[in-house]
Amino acid sequence: MNLTLTPNKSAASPDTAANAPRRRRLTRLPRRGSMAVGLVIVTVLLVVAVGSMFWTPYDPDASGVGLPYQPPSAEHWFGTDRVGADVFSRTMAAAATDVGITLAAVLIALVVGTVVGAVSGFVGGAVDTVVMRFMEILQAFPALLLAMLMVAAVGPGTLNVIVVVSIVGIPNYVRLVRAEILSKKHWQFAEAARMVGNSRSRVLFRHLLPNSMTPVIGFSSVNASWVAVIVASLGFIGLGIEPGSAEWGSMISRGQDSILSGEWWISTFPGIAILVLSAAFYLIGDGLTESGEQR
Amino acid sequence: MTSAVNTAAPSTAVVSHPVLNVVGLRKQFKVRDGGRTAELTAVDDVDLAIAPGETVALVGESGSGKSTLARCVTRLVDPTSGSVELDGLSLGQLSGRQLSRAYRDIQMVFQDPRSSLNPRMTVGAMLEEPLRLLGSLSAPQRGTRVAELLTEVGLPADFADRRPHQLSGGQRQRIGIARALAVDPKVVVLDEPTASLDVSVRGQVLELLARIQAERNVAYLFITHDLQVVRSIADRVLVMYLGGIVEEGPTERVFSDPVHPYTKALISAAPVAEWGVTTERFELAGEIPSPLRVPPGCRLAGRCPVSEPDCSEHRPALLPVPGSRFVACPPEVSRRGLLEPDSLDHPATPAHPRSTS
Amino acid sequence: MSVALAEGNLLDVVDYRGGFRGPDGEVTEVLAGVSFGLRRSTLTAVVGETGSGKSLTALSVLGVQPRGFVRTGGRMLFDGEDLFAGGPRSFERVRGNRISLVFQDARAALNPVFTVGHQLIDVCRAHRRLGRKEAEQVVLDMLERVRIPDPLRRMRQYPHEFSGGMAQRVMLAMALVSEPELLVLDEPTTGLDVTIQADIMDLLVELISSSGLTACLITHDLGVVAQTCQDVVVMRSGTVREIATCEELFTAPRDEYTRDLLAASRLVEAR
Chain A
1 MNLTLTPNKS AASPDTAANA PRRRRLTRLP RRGSMAVGLV IVTVLLVVAV
51 GSMFWTPYDP DASGVGLPYQ PPSAEHWFGT DRVGADVFSR TMAAAATDVG
101 ITLAAVLIAL VVGTVVGAVS GFVGGAVDTV VMRFMEILQA FPALLLAMLM
151 VAAVGPGTLN VIVVVSIVGI PNYVRLVRAE ILSKKHWQFA EAARMVGNSR
201 SRVLFRHLLP NSMTPVIGFS SVNASWVAVI VASLGFIGLG IEPGSAEWGS
251 MISRGQDSIL SGEWWISTFP GIAILVLSAA FYLIGDGLTE SGEQR
Chain B
1 MTSAVNTAAP STAVVSHPVL NVVGLRKQFK VRDGGRTAEL TAVDDVDLAI
51 APGETVALVG ESGSGKSTLA RCVTRLVDPT SGSVELDGLS LGQLSGRQLS
101 RAYRDIQMVF QDPRSSLNPR MTVGAMLEEP LRLLGSLSAP QRGTRVAELL
151 TEVGLPADFA DRRPHQLSGG QRQRIGIARA LAVDPKVVVL DEPTASLDVS
201 VRGQVLELLA RIQAERNVAY LFITHDLQVV RSIADRVLVM YLGGIVEEGP
251 TERVFSDPVH PYTKALISAA PVAEWGVTTE RFELAGEIPS PLRVPPGCRL
301 AGRCPVSEPD CSEHRPALLP VPGSRFVACP PEVSRRGLLE PDSLDHPATP
351 AHPRSTS
Chain C
1 MSVALAEGNL LDVVDYRGGF RGPDGEVTEV LAGVSFGLRR STLTAVVGET
51 GSGKSLTALS VLGVQPRGFV RTGGRMLFDG EDLFAGGPRS FERVRGNRIS
101 LVFQDARAAL NPVFTVGHQL IDVCRAHRRL GRKEAEQVVL DMLERVRIPD
151 PLRRMRQYPH EFSGGMAQRV MLAMALVSEP ELLVLDEPTT GLDVTIQADI
201 MDLLVELISS SGLTACLITH DLGVVAQTCQ DVVVMRSGTV REIATCEELF
251 TAPRDEYTRD LLAASRLVEA R
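Chains as they are written, first to last, in UniProt numbering: chain A, 1 to 295; chain B, 1 to 357; chain C, 1 to 271.
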């Protein structure tokens with residue numbers, strides 16, 4: 001019998017029916033709730049992102065759809081910018097860019113990092129040493145600095161940004177998956193799988209890996225929350241995708257001079273969008289990690 | 001007298017046509033010991049032979065290397081040296097795919113039925129896997145076979161749809177046994193199969209294993225620390241201590257008249273569930289040393305109450321004693337346990353001068 | 001099964017009931033009226049298999065219960081005083097002072113970042129008003145009593161430097177240093193090798209008989225019971241099946257389950 005040894009306060013008085021479950025519900029609900037909120041936000045942003053490809057109130061890339069520097073109004077919900085483009089339409093269109101790049105980068109990092117980490121942990125020896133040293137070098141730089149250096153080297157462009165941001169994320173997955181595999185490598189079901197005729201690679205990919213993915217999935221969502229910020233940061237400093245295209249970071253950058261002169265809406269709305277996206281991913285990741293630990 | 005007899009493989013002298021024959025098996029690991037890399041010898045020059053349909057128990061405490069030996073025999077771990085022959089086929093040289101094929105004839109049952117079953121697979125999928133990967137049955141035939149296997153280990157056929165977390169410990173271990181039997185192997189290595197089970201379940205699992213053996217003539221290599229289990233199921237027993245075999249022989253004889261001091265200590269320490277049966281403890285000094293510090297002479301030197309100065313210099317070979325038994329302790333030393341207590345106080349007096357020629 | 005409350009028992013567990021609350025708020029009963037007593041200066045075994053409720057019951061004596069456990073009734077009379085009636089404080093008053101516990105996994109129960117000596121001296125001083133020097137001496141004597149070789153050097157070592165058997169001796173020393181009246185041993189030798197187990201049990205019996213302690217051994221191993229205990233309580237699925245002296249239990253078991261358990265422990269030939 002596995003006993004968690006907590007001196008039980010209620011040991012002395014038989015617990016009256018309602019107390020315990022209510023206390024438990026109070027601590028559990030917010031987690032579930034926040035995860036649900038995160039999921040709803042990400043879903044909404046995804047719908048907006050996809051929808052923006054088919055319809056926006058105004059052409060997001062067209063200037064002069066209204067007068068320059070108009071504050072938010074019924075006509076232009078988020079106002080207009082310096083060249084008279086509709087900020088709401090641009091923010092919508094930018095959702096496609098930012099959410100798309102974030103998801104693609106996370107997916108690449110997840111797949112590559114998982115495979116590399118799994119093989120490294122399973123094979124061990126020199127392969128593992130080389131892989132882990134390389135990951136340490138990558139992780140020695142602050143994530144944003146590394147991303148900036150690499151984008152500066154390979155040049156801007158959507159694909160480049162995706163690849164660079166995913167490379168920045170890979171070491172985290174490698175470490176996480178490697179640790180999981182190492183802890184389970186000598187689990188008896190892995191040995192049992194080998195004994196019933198599975199090849200070593202089948203043992204790894206069919207038996208060990210599926211049993212190691214729970215924390216990885218949770219982490220990927222946390223990862224997405226800072227990838228979104230890095231993507232926007234690259235856009236902000238002008239190292240991101242092609243200049244001029246709708247992207248939250250570059251929108252903030254273009255509007256920053258106007259904040260002091262009172263035209264706050266140009267930067268604020270894309271800023272809020274980044275914050276909301278990042279927070280939503282974080283909430284999901286937090287919830288997933290939590291429920292993974294409970295099992 | 002030492003070097004000449006060293007080469008004799010005791011087991012092979014007893015078993016004429018072994019289905020499993022292990023000769024000179026050794027496994028060393030490289031480990032970090034205080035910042036330095038050291039060689040740890042987990043299994044040291046072990047010989048072992050099992051006849052078809054025989055049950056051989058390998059008994060030892062933690063640190064004896066018995067589990068490593070089990071994994072070397074099935075090549076889940078590659079031995080450093082020595083050979084493992086399964087029905088005439090040497091396992092040592094086999095590539096990955098050839099080894100998979102050899103697993104048709106040798107299977108393993110694991111200690112912890114909780115961690116030896118993949119939590120994401122159904123019982124049916126787990127039992128079908130060996131049939132699909134190692135056997136030659138069609139898909140419908142495999143389904144029938146899975147049902148037969150479940151019946152054979154005493155579980156209803158609809159258990160095929162269950163997952164490990166829906167099973168009790170005993171049921172899990174039955175699945176582990178069914179999985180090992182799926183391809184009708186000639187040898188099954190059982191690594192502490194009853195260690196994590198309740199006593200009542202332990203009895204049922206042992207009965208099941210005995211029944212299966214009677215029906216299929218499968219040979220068991222039974223790794224355990226549980227002397228009750230050894231006594232009830234094994235034909236022969238090998239006692240392992242710090243990587244080496246110290247005593248070998250037919251179970252009943254070893255239990256009723258242990259010769260090696262370690263065997264004596266082990267058997268006399270095992271509690272018996274009977275009133276008034278108090279065995280005189282044969283006590284060893286201290287605790288088992290780290291496998292990194294195996295004494296150079298006799299492995300038990302330093303703990304043994306009957307040892308002589310010579311014991312810590314020369315490692316005694318596993319030598320035959322009457323009754324198809326082998327003991328790694330010179331008779332003039334092991335017999336000293338039977339002498340008058342006061343004579344033990346003068347170990348330096350060479351009562352039996354030993355010839356070293 | 002009812003047990004007469006014998007006068008002079010150190011501890012009486014009377015009709016102790018409880019269970020775990022499921023997500024629906026319903027309590028699934030796992031202890032269905034457990035009653036037994038511990039005679040003074042006696043080693044009593046509480047024997048049972050997985051799910052018998054033996055650990056749950058015995059640990060309740062210290063007010064230690066797993067999360068989610070709800071007591072639904074019963075009394076726990078320690079030296080005549082109902083511990084449940086007195087609120088959590090009555091447990092705090094006796095726990096570690098008059099009642100000590102030895103865990104199954106000693107190395108996990110010791111704090112890895114402090115030396116063994118440090119932890120022992122802390123426990124000693126928490127329960128007995130002693131100066132540092134005096135406490136050190138008491139601990140040193142206690143380590144000698146539990147036969148740890150070279151105790152002065154061992155006191156300066158950390159738990160990870162101890163083998164399982166040695167760590168269990170440290171736990172024993174820790175439990176005894178506060179001079180308790182009742183010692184609860186939760187599977188103290190499970191997971192240890194038989195030779196080590198025999199050493200520890202020999203030591204335990206000697207300590208208990210020499211100091212007049214009352215002890216309660218929670219175990220699944222009838223072999224250990226036969227060799228060491230005076231009284232036996234057999235539990236199954238949250239109920240007491242048989243209470244007997246050790247001799248009665250092994251020579252003339254009354255309950256059918258006890259007989260099955262005995263047969264299974266002795267393992268009549270499976271071949």
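If you're looking for bench data, these hints aren't it; they were derived computationally from the structure.
All values derive from a computational prediction rather than experimental measurement.
A few of these clues could be false.
Derived coverage of chain C by chain B (criterion: at least 3 residues anywhere in the stretch with Cβ under 8 Å from a Cβ of chain B; other residues may be distant) [unchecked claim]:
no., region
1, 216-222
2, 239-251
Computed list of lysine-lysine pairs in DSS-like fashion (alpha-carbon distance at most 30 Å, straight line) [unchecked claim]:
no., chain 1, residue 1, chain 2, residue 2
3, A, Lys184, B, Lys30
4, B, Lys30, A, Lys185
5, B, Lys186, A, Lys185
Derived DEER-like restraints, expressed as beta-carbon distance ranges [unchecked claim]:
no., chain 1, residue 1, chain 2, residue 2, range
6, C, Gly80, A, Leu39, 51 to 61 Å
7, C, Asp105, B, Asp87, 40 to 50 Å
8, B, Asp78, A, Met53, 16 to 26 Å
9, C, Arg156, B, Arg281, 46 to 56 Å
10, A, Ala126, C, Arg156, 53 to 63 Å
No residue lacks a Cβ here, since even glycine has one placed at the ideal position from N, Cα and C.
To see whether the hints hold, each was checked on the structure:
1. 216-222: holds (count 3)
2. 239-251: holds (count 5)
3. Lys184(A) / Lys30(B): holds (21 Å)
4. Lys30(B) / Lys185(A): This hinted pair holds, its Cα atoms lying about 18 Å apart.
5. Lys186(B) / Lys185(A): holds (27 Å)
6. Gly80(C) / Leu39(A): 51 to 61 Å: holds (59 Å)
7. Asp105(C) / Asp87(B): 40 to 50 Å: holds (43 Å)
8. Asp78(B) / Met53(A): 16 to 26 Å: About 57 Å separates the Cβ atoms of Asp78(B) and Met53(A), which means 16 to 26 Å is violated.
9. Arg156(C) / Arg281(B): 46 to 56 Å: Hint violated: Cβ distance 31 Å, outside 46 to 56 Å.
10. Ala126(A) / Arg156(C): 53 to 63 Å: violated (40 Å)
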